[in-house]
Amino acid sequence: MNFSEGMRKEADKYFALLREKATEEQLAKIETVHDELYQTFALSDFAGRFLSMRPEILCRIIDSGELESGDRTASYATELDALLNGITDDNVLKRKLRLFRNEKLSVIAWRQLNNKSDLAEEFRHLSELAEQIIIKTMDCLYGRCCQVFGTPYSYDGVQQRMLVIGMGKLGGRELNFSSDIDLIFCYPHRGETRGARRSIDNQVFFTRLGQQLIQILDQQTVDGIVYRVDMRLRPFGDSGPLISSFAALEDYYLKHGRSWERYAMVKGRVLGEETPESLELDSMLKPFVYRRYLDFGAVESLRKMKAMIEAEVRRRQLTDNFKLGAGGIREIEFIAQVFQLMRGGRMVSLQERHLLTVLENLKHGNCITPEVYDCLMPCYVFLRRTENILQEINDEQTQTLPSSPLNQERLAKAMGFETFEEFYAHINSIMETVHKEFALLISDPESETVEEDPVFSDLWLLNLNREEIKEIVVNQFRDQSQIDHLADEIKLFKDECANKPIGPKGRAILNRLIPYLFRSFANMKHGAATTFSRVSKLLLTICLRTTYMQLLQENPQACDQLLKLCSGSELITAQLTEHPVLLDELLMPNSLYKPTSPDDYSHDLHEFLMRVESSDLEHQMESLRQFKQIQLLRICAADLVGALPLMKVSDYLTFLAQAILDEVVNLTWNQLVAKYGLPYNAHKHGDKGICVIAYGKMGGIELSYGSDLDLVFLCDSDLEKETDHPEHPISDRMFYGRFAQRLMHLFSTRLSSGVLYEVDARLRPEGEAGPLICSISGYESYLNNKAWTWELQALVRARAVLGPDRLVSRFNEIRNGVLRKSRDVEKLREEVVSMRTKMRSSLIRGPKEAFDTKQGEGGMADIEFMAQYLILANAPTSPDLVLWSDNVRIFEECARLGFITEEESKCLINAYLDIRAMYHHHSLLGISRVYDGHKLDEQREAVKKLWRKIMLKEE
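7 is the number of the first residue of the sequence shown in this note's numbering; add one for each residue after it.
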């Protein structure tokens, strides 16, 4: 490195002092690191002052190998244990701690200033150093206090220890070089000390311990300080008690906790080793920080905090402050923490304290794009490196760029720039980049959105009659097709909103939101009346829930997505209206129109449920429903814009149901095992001994929106033993019976988020008269001896979707064997035709001249019945026919084997897909499956013709 004259002068000064203090032997050792030491002295007055006056410490550092080690944290605890052992004098304790702290900081500065460490290493060592000093000093003082005042115990007789919550950068394990430490002291339970001549209250004991700890660390001596201790983040700040019991802490945050305290507690971490008490405290505080619902008010709260900080920067005339200024460190922290506060209750991956980890998890969770991450991450690293190097110059807590030429040169050189001007231009460029990203997310929306048109404000705010509303609609709306209907809908919506008990905050939000929406409706080329009718129902549902109104008001892009989805789909509108929690998805169009891969459903569902306590059954059930609704919305949205073809939609819906089924089975199993013990059968085989068979659309991998799940539950046949519960064992047979009942309950119970799926188990042996779960041998016997033809037809579509390999294989053997049995083909044909006729007459919908896409002649049911007949009639001579459960591959296989022609196969497949697409499209629009147009006439006639040929034997 090329040093300026001023830097060389400083380095030479400190070397001269070192030579005066050091022995010849020490100087020889020091000479081995001359170049690195010279660079350290040139760049840091702190290191120069400390090391030049203490050559013995410098030589000890050289001998220790720490200058070449990137991981020295493990030694901090052991060194402190040895250092503090037996100390009884406070002055000795203070001196030893300060020298230890400065020695370790000198190593950290040396390695950074010589480009031997990265930011991760610096964070790790600075944070661990502070944490170990706090914990070891507290332990030392605790023992001394116990000797004087006795040992604190709870009233239940449990010994009590003080817990220290590290806040801010210490809690996040990202401490800077000369940082304050923000702490909160607490202890588990009230009580009194024991073992002294006079007992004192635990509150008094821990207050004295806390006061001593602060004095030891914070008091200025000739050796400096260890750390500046800031206790203002505790309950009630400086006016509150120094320390609180867990109960007092919980009561405070429940009754008095403010938004900025939630923000601060995001970083809160109990220091030291994990203990039952620290886990209890963490569990107690988490609900205050991370709400179960999506907290969009967090954006406004953080915006207000940012405004206060900006006012403080102006008041103090802080210039060139790269922490608090526009685009500084604090803005990156706000970007991360607004997502943590808003979504952390639902995304456990955001419940992290280390900002770089949070940014990475935001990227993986599609909260920010990879491009935003690639922008923010290096900016944050650069700013934090700047902060550390600047503070290493003089061990001074500052985030303001230096004004002295010498320190400007030092900072620029240490950061890898030839001149301060180059560095200054670069850091300003970085801060401009950060501020742009910050403004997109958190800055005041009133400065972001286009100026409101007073006409639409009048339409909302003025007390207009129907004719006056109609006049505005005529003059301002592009879509003139349903003027009267739209005017009526607007009048009705305004009247209903006026009668709602909406508070002042909600009214203020509505007064900004609705004019914006009116302008959006006015710009629609078509469908304005229909879309307004749909959206107004949603708005009336959420208008009393300010958090959702705030989401839309603060995010114009979410409003635009809302109109786009609601204009295209009644089904999506109904989803959003019934489950407003889904509005959060509108903020992330990247994931909204790109559904989760079916391969990732199980992993994502498991992660989604990790935030829920295993003992909280209702919350688990709600979370399962929320996960399904989120995924279903994404599938619908992708379907609406054509991002998913029909077959893919069915795949996504089917495998989503399978992932949820798997999780519900696990949940049910764990609950019953906890209550009754493990069945002997499960011990014997090493698995649950359960196999779930999907019939119908799920079996054929053809689920559509709103489809039921047709399921049959099978278990092992040998169920003569009992569970292993020591007190309440039950028979294996009873266990599996209760398992099936519980499983059905978890699926069908209607909570605030609806039912999970409607499950139809009537296809089991004996139907509703039979047990919910059947032994696999009983299932085989029923199919071979009692099954009706329609049950054999249903078996064609059956598929094992869950269970151990041994049971899945056994089911496949049974299914294949039953389908391949020889049968009277003519009788089979007559029974299939008879069943289809009865089915059509009882289930068909719509007028005679319209086409019921499912049950009408030439519809989907006719095609499905032909597929089933072809399998049952021909499988005895062509065993491979039974391998498939979906209609498309059944027809392809029938053509390959010559049971129908290639042309007939293509005709049936194309007709089936076209009719299914229409049925599917109607489901998405939320309209009847009955079609009164002529678009499908050709397909329908082709199916009817093949029905006559295959099923009625007409040529």
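Please keep in mind that the hints were generated in silico from the structure rather than gathered at the bench. From a predicted model like this one, the values you see are computed outputs, not experimental measurements. Don't take every hint at face value.
Mimicking EDC-like on lysine to aspartate or glutamate, the simulated pairs with C-alpha atoms at most 16 Å apart in a straight line are [what the hints assert, rightly or not]:
id	residue 1	residue 2
1	K19	D51
2	K854	D943
3	K15	D51
4	K959	E836
5	K543	E473
6	K35	E62
Here is how each hint holds up against the structure:
1. Between K19 and D51, the direct Cα distance comes to roughly 10 Å. Compliance with the 16 Å bound is thereby established for this hinted pair.
2. A threshold of 16 Å between alpha carbons decides the hint, and for K854 with D943 the separation of about 14 Å falls inside it, so the pair holds.
3. Of the pairs offered as hints, the one joining K15 and D51 holds, with about 12 Å between alpha carbons and a cut-off of 16 Å not exceeded.
4. For a cut-off of 16 Å, the pair hint linking K959 to E836 stands: about 11 Å separates their Cα positions.
5. The suggested pairing of K543 with E473 is violated, with an alpha-carbon distance near 22 Å, which exceeds 16 Å.
6. For the hint pairing K35 with E62, the CA-to-CA distance comes to about 11 Å; that is within 16 Å, so the pair holds.
Taken one by one, the earlier hints fail for this structure only at number 5.
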